[in-house]
Amino acid sequence: MSDTLTIFEKGREGRRAFVAPELDVPERPKDELLPPRFRRAEAPRLPEVSEPEIVRHYVNLSKRNFDLDSGFYPLGSCTMKHNPRLHERVAALPGYARLHPLQDPKRAQGALELMWNLERALSEISGLPHVSLQPSAGSHGELAGVLLTRAYHEDRGQTRHKVLTPDTAHGTNPATVTMAGLEVVKVGTNEHGGVDLDDLREKADEDVALLMLTNPNTLGLFDPNIEEIAKIVHDVGAILYYDGANLNAVMGRTRPGDMGFDIVHFNLHKTFTQPHGGGGPGSGPIAVSDRIEPYLMVPRVVKRTEGFALTEDAPKSIGRLRGFQGNFGTFVRSYAYIRSLGAEGLQDASETAVLNANYLLARLRQECGDLLPVAFGERGCLHEFCLSGAPMKRELQIKTLDLAKRLLDHGFHPPTVYFPLLVDEALLIEPTETETKETLDEFAEAIASILREAREDPEIARNAPYDTPVRRLDEAGAAKRPVIRQPL
Amino acid sequence: MSDTLTIFEKGREGRRAFVAPELDVPERPKDELLPPRFRRAEAPRLPEVSEPEIVRHYVNLSKRNFDLDSGFYPLGSCTMKHNPRLHERVAALPGYARLHPLQDPKRAQGALELMWNLERALSEISGLPHVSLQPSAGSHGELAGVLLTRAYHEDRGQTRHKVLTPDTAHGTNPATVTMAGLEVVKVGTNEHGGVDLDDLREKADEDVALLMLTNPNTLGLFDPNIEEIAKIVHDVGAILYYDGANLNAVMGRTRPGDMGFDIVHFNLHKTFTQPHGGGGPGSGPIAVSDRIEPYLMVPRVVKRTEGFALTEDAPKSIGRLRGFQGNFGTFVRSYAYIRSLGAEGLQDASETAVLNANYLLARLRQECGDLLPVAFGERGCLHEFCLSGAPMKRELQIKTLDLAKRLLDHGFHPPTVYFPLLVDEALLIEPTETETKETLDEFAEAIASILREAREDPEIARNAPYDTPVRRLDEAGAAKRPVIRQPL
Amino acid sequence: MSRYTAVTPEDLREMLATIGVGSIDELFDRQVPAGVRLGRPLDLPAGLPEQAVYEHLRDLAAKNTSTEDEITFLGAGMYDTYVPAIVDMLMERSEFLTPYTPYQPEISQGGLQVMFEYQTAISELTALPVSNASVYEGPSALGAAGYLAKLANGRRRFVISAGVHPHSRETLRTMAHGYEMEVAEVPLRDGVTDRDAWHDAIDGDTSAVFLQQPNFLGAVEDVEALAVDEPVVVAQVDPLTLGILKPPGECGVDVAVGEGQQLGNRLDYGGPSFGFFAATEAYLRRMPGRIAGETKDVDGRRGFVLTLQTREQHIRRERATSNICTAQALNALGGVVYLSWLGRRGIVELGELLLQRTAYARERLAALDGVELLHEQPVVREFAVRLDAPVERVIARCQDQGVNPGLALDDGLLVALTERRSRADIDRLADVLGAAVAAERRRVEVPA
Amino acid sequence: MSRYTAVTPEDLREMLATIGVGSIDELFDRQVPAGVRLGRPLDLPAGLPEQAVYEHLRDLAAKNTSTEDEITFLGAGMYDTYVPAIVDMLMERSEFLTPYTPYQPEISQGGLQVMFEYQTAISELTALPVSNASVYEGPSALGAAGYLAKLANGRRRFVISAGVHPHSRETLRTMAHGYEMEVAEVPLRDGVTDRDAWHDAIDGDTSAVFLQQPNFLGAVEDVEALAVDEPVVVAQVDPLTLGILKPPGECGVDVAVGEGQQLGNRLDYGGPSFGFFAATEAYLRRMPGRIAGETKDVDGRRGFVLTLQTREQHIRRERATSNICTAQALNALGGVVYLSWLGRRGIVELGELLLQRTAYARERLAALDGVELLHEQPVVREFAVRLDAPVERVIARCQDQGVNPGLALDDGLLVALTERRSRADIDRLADVLGAAVAAERRRVEVPA
Ligand SMILES: Cc1ncc(COP(=O)(O)O)c(C=O)c1O
Ligand SMILES: Cc1ncc(COP(=O)(O)O)c(C=O)c1O
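Protein chains in written order, with this note's numbering: chain A, -8 to 479; chain B, -8 to 479; chain C, 843 to 1290; chain D, 843 to 1290.
Be a bit skeptical, because a hint or two may be false.
[Stated by the list, open to error] With beta-carbon atoms standing in for the labels, derived distance ranges: (1) C:GLU897 with D:ARG855: 54 to 62 Å; (2) A:GLN388 with D:VAL1140: 36 to 44 Å; (3) B:HIS183 with A:ASP15: 37 to 45 Å; (4) C:ASP1230 with D:ALA1281: 48 to 56 Å.
Calculated directly from the structure, the hints in this document are not laboratory data.
For every residue, glycine included, the Cβ atom is placed at its ideal position computed from N, Cα and C.
The task is simple: from the sequences and hints, build the whole structure.
Rendered as structure tokens:
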């Protein structure tokens, strides 16, 4: 049991890991420097622990995590590809890691050059000329995108209220729209998994500010009508936003800019292999077309004859969306990745991601196509695909959740489950390009064996997992009587 | 099962992690540069694997290891104390990590200063004036010591053949003696766990070159007759060697030099917390008295007015025992440790190590003193103590080995077992100073509970462990039909 | 095949056969319409071996002047604090570095417990009962607090002190323009928020008020006197001062936010670090971002889960309390490890050390010719001075001597201390700055 | 209590009470006789906080000129090779860094399998069937091979080529003096071992012969022509050349040893790295050090153990085949990870790259005035030149220009290439060295 005590519960009065630097200046009475009414009466009850205890505590906690370095992690829409350690090495160079964000740009030329180079590379990959690296995650990039769209329309004296999003959209899309003061209008999905053009035509009017689209969408499908979609949206004077979470499918094959999008966000923590960190840090740079450029956030990196600089001189800019220059450490990693792979390697990454996804789809079709049919899979898929667990649920009486939990006992991270919402009992599977064929085969066989087992005895899956540090947890109870900090 | 495939078995023709730097010089025909008869016909069958596969393979292997950062590791005689990560950080500074060993000493002044400072600190801790950091481990330090002793006697025109070692000595002591061309003569242990003075007097003659002694010895006991022992040995003109593996017991409390020893080796990987690395790297510097100094290995660090230098100018030196300057990276770590703790901290380390050992001994006496009596424990112990499992074996029909294996299921690394040889069913327990009282209590309780369990059903311990990646292994079979490499 | 992929020619053959296509092109062609295919390679440099990438990145890094290359007194939101080695080591462990958000709690107990411990530590620091598991960073945390207030009370105005960091004020304005709030700014007087103007500015339509402690000029604000009952009181706080400054939860603050970089995170030229976000119980179900909660598993074992998820975008979509998804979990881990390392006594000792060294530095600089204090308020770890010389030129002179004297203000400097700046460093700053100011004043007096 | 210990005052009270003593002094006093108690504090500097230790060590490091600070052609046993990031990452994992020798195989399968894989890699490289799990480093490995020969055949003499690295020759002499062997040295002719003198030197009392491939001057030896049937043939080999050079196992070598640093280990000013030690089947039970072997557990699962332990000191004591105990397991892990990274094709590609670049460098330098080749033998990655100028002064001049041209020989330089030295680096070496030699020749011609 001691392995679930928190660090607070392990503390004992008097222990410490920190040794303070010596007081090397003449000591002045505290009251003189800081009047008592401003002072804290009781120290915050942080843990009192020695250094060895901290190390052991967190090393042991780490062992209660599943991670990408240890196993297959086909979490759809998340692009859990290998994180090269070279990136951690270069990001830790003191010239980056210990560079103060307010350093005079003349003395931060290497950092600005790196940002400039990364911006140029993202521009080429997306086919859109201008880039801001500022947003801290995909959702932050989306917020930037919607605010830029507002600014664009306002600059034209228009107030448009609506943002179209397909029902396959990721939750951050609609949440962002509301946060940016606009209103979500849902667009339907057609029988091939793409945007319902009739519905789109009907809803696209002069009050529409923006269409937010993921392409390939969250089913792993590229919209075959993308050119028509762009036309419909542009014809009503609205902007096209590309949610780039799935860009890993198409590098070097097609570009949002060439499809007619005005704004795209990148998830550096997906396509460009910034490690996911258990839920961040991420990074959500955006690329935009010429007509959006005047509104981009400040500061911006500019290249001048005397070197690189940061400028805030942009009268129409929407301003800042955060402090400093963005998650620079993620820029270092993603830039290293782009330089490691180059044009050919990036294209190879996308091609292999698509090959692996189609292969795994084919294997699963062989093994269990009847119980877990693919949603809208008549044209195969790009980098991911979505299965429906509905027949399985009907036939074997186990749900997608049960299948997912049983996969844990097989040492796999389950796919994304119950997303996208429009597929019943959805399983969204993204193998990525860095997995071997052997791993894909093992995964397909694991799924098949779970289904076989369930046919014998569905209770096994329904009560899974068994071999994990804890088993199914009472989530409802947690939400009802929230205990969200250690009582002390 | 796939988790025990070797990296060789995982390889597939055509995969790779390495990308060669471009050939940027004019290519010359291979035959011209290297005649075919010197060339290898078939490439060595190294694994063909991608980088993600390598990472996953070794990360998963690492999870099949128990380690000090995860749990209590009371391996007697090994001083498994906390390894501060600061040491890894400083050792990795490019000024050390990427310093070529043949760099001009004028351009390696920082490294030499560090070595000098470390030598001075080890000298003060041991009470012996001269230090060589060259040996790579304790055993290597011992070899240096015996060769120095030979040189000392030879320089006096004497050929002495015998080296006295107590029967509690670590195996490296006798093995070293043979390797240095001398002959081992064993000295008995008295009823208090110390050197049998009568036996020593009898064996100490003019053919004795050296007495090798561990003090506190491998029972964790300081020899109360140490002054008398030194006198007996010196009286016959022999040298006294101090096996410093147990120095962690006495820093700031007593010093080998002051006890009359001429040579001492340090295990930087024990007392000075160089991480053990799964069996090295280690480091075995030696400190010596004035009379031994002329024979010390070269090169030696010297301090001159113009700076630090390396000198080989030592006509009586025994020469070199390895390449370059020794395991410099271990010097960085141990020097960092000494500077972190300072005089007071080092003494505190020893005092706490002794406190923890005596406390754990007392707890185990309470819990199971009858079944696991301490060997020679009438005066308590210093940093470690030795229990005998003989009564347990008799009463409960489980051996020390069974107890050790059952401890694995409790998440503890067992103590050193069956050493020292003179204690029947020995368990040598060294908790070190960096463990908490809570951990010591848990360990004592685990032992007690195993004994209780064995009283009910000894089979449980006899077949332990159960919760480990593999269970008891066929060691006899492994030695009989050795498979010591992957067949390809 | 690159070094990160593993499809051998044989694999490719088998895989295509299983799929039932003849080539990879076919896979794309059946998905991507001809009109939008790129049809040419990307115009990017060729890939490089690992060592070449390392060297390129190292060479770029060498063009930057880091805090290892000069004695810096730059602060203003991020600080050159010492990152203990155990923090780096733990942040680099695969098990923390490479998973994603803990959607599967059974195999994510490590990350979830870390979040729970982090929330506890932030709650203790701020003396507020509720903390989330991190937001992006400091300034946008303030914007997120504004959104919380707007959703909570539906009012239309924000009042913000000019003592709040300019990046935070700008971010709030940008975000507030989106969710359609007016922003009124209250000026400083004598280095702190003008209390009369502040209370005058707050009206019945005010949704939230924002202040910073210590404020941007380093001055300790009288937060209790600025706190009000009605609109939501949001304070952006410096976490390293909270060992000695009265915490927001004891000063009438409803929401405390801030930049977490100092807590075990590197400067990284501005990120990634983490933002913290803590509030009173009343806002529990309006918090943005992930929250870990304690619960039990089917066998009765203690465990942790993401909880109160109905606030979040993936469940609530357009009605979510925030759009945040990926946050800064790894950096928050660094934060809680750092705070455990510092410990209950350490956070006080460190605060007191900063207090004393800052007082010493302030006194030393104020004694220089041409340098005077911008305000006389109490300060903890940062203070502002006015220079009687062109600020940018003075800074350049100091930097040429290896000392970065701080951030340029309109007519002065904002000087920050950390535990890494010793008395010797401060004395050197005084020497170099004194000389630089003197030289610049001479230059102005005697025009060339 | 320091930051690494955890005894609170309350703990101390309870612990002393349980032990039944009144103080820690008592614990020592009952063990350590009064006559040898130190009775004063150690005369060492006071302890320092972590950040101060870091700064002190960083400042010392800054006094060294590392291979990051200059373009180096230093080699002679250790080389500035690129260490892939995954090697560092794996060597830093707690599970590999902090355990000791795998005495408990059930909880040490990771380390044991690593040893097994390492042994396989070394066996493949050397084309010898038996490898141990590492010895300290290169030169002492040669001494250990000598001890093996002595135990095997009981003869009294060693014959060693002058082409063996001086550190190895010296180490062999030191160790052989202990186990009482004579050492005869055979000179080089035209840069390689004098074949006639070599065979003449080998007599019926010769226990082992020692050579190096490529030899100290970089020359490829004709190992097959030097190998003999009877005494044990020991070759010290450069592992990175084994992708292209005929391996020792195919040249009549009985024992191959060498320095493993290049295989994923840092320079570290000379260590820690690892020594490798491989032999023919005949010597399996005479090997020094740990050997991992494959076996099964009681449930039939594959597993690994330390095997053939009856060779070792802890079992066999004075009759052990070696005294080695702690070896270099972590460094050997770096070795096998590096070799997996390099792979079957990489080791060949890297060897060929070195071959070509070395040929280019040799040609460039030989074309300089005052520089000529010391020998014309084939070389792979290192070569020797004669300088017609004072060597130390030439080197100093080059280093002042940021180029370390190699190791000083009596009248020349030993120049080493690694994959990190590009053509541009070689061209720069040629320029700088040419200028330095010219300058020194002018200086000698025109004495001041
Ligand atoms: C399709 C899609 N859009 C947006 C996001 C949001 O990105 P982030 O988590 O970086 O905010 C995600 C991922 O989480 C996603 O999968
Ligand atoms: C008492 C004693 N002497 C000598 C040694 C040998 O030291 P090393 O393993 O560093 O060669 C050891 C440890 O292994 C030991 O415990």
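Structure-based check of all given hints:
In this structure the hint that GLU897 of chain C and ARG855 of chain D lie 54 to 62 Å apart at CB holds, the actual value being about 58 Å. Look at GLN388 of chain A against VAL1140 of chain D: about 39 Å separates their beta carbons, and that is inside 36 to 44 Å. Taken as a hint, the range 37 to 45 Å is violated for the pair HIS183 of chain B and ASP15 of chain A, whose Cβ atoms sit roughly 51 Å apart. One distance hint, 48 to 56 Å for the beta-carbon pair ASP1230 of chain C and ALA1281 of chain D, holds here, with the actual separation near 52 Å.
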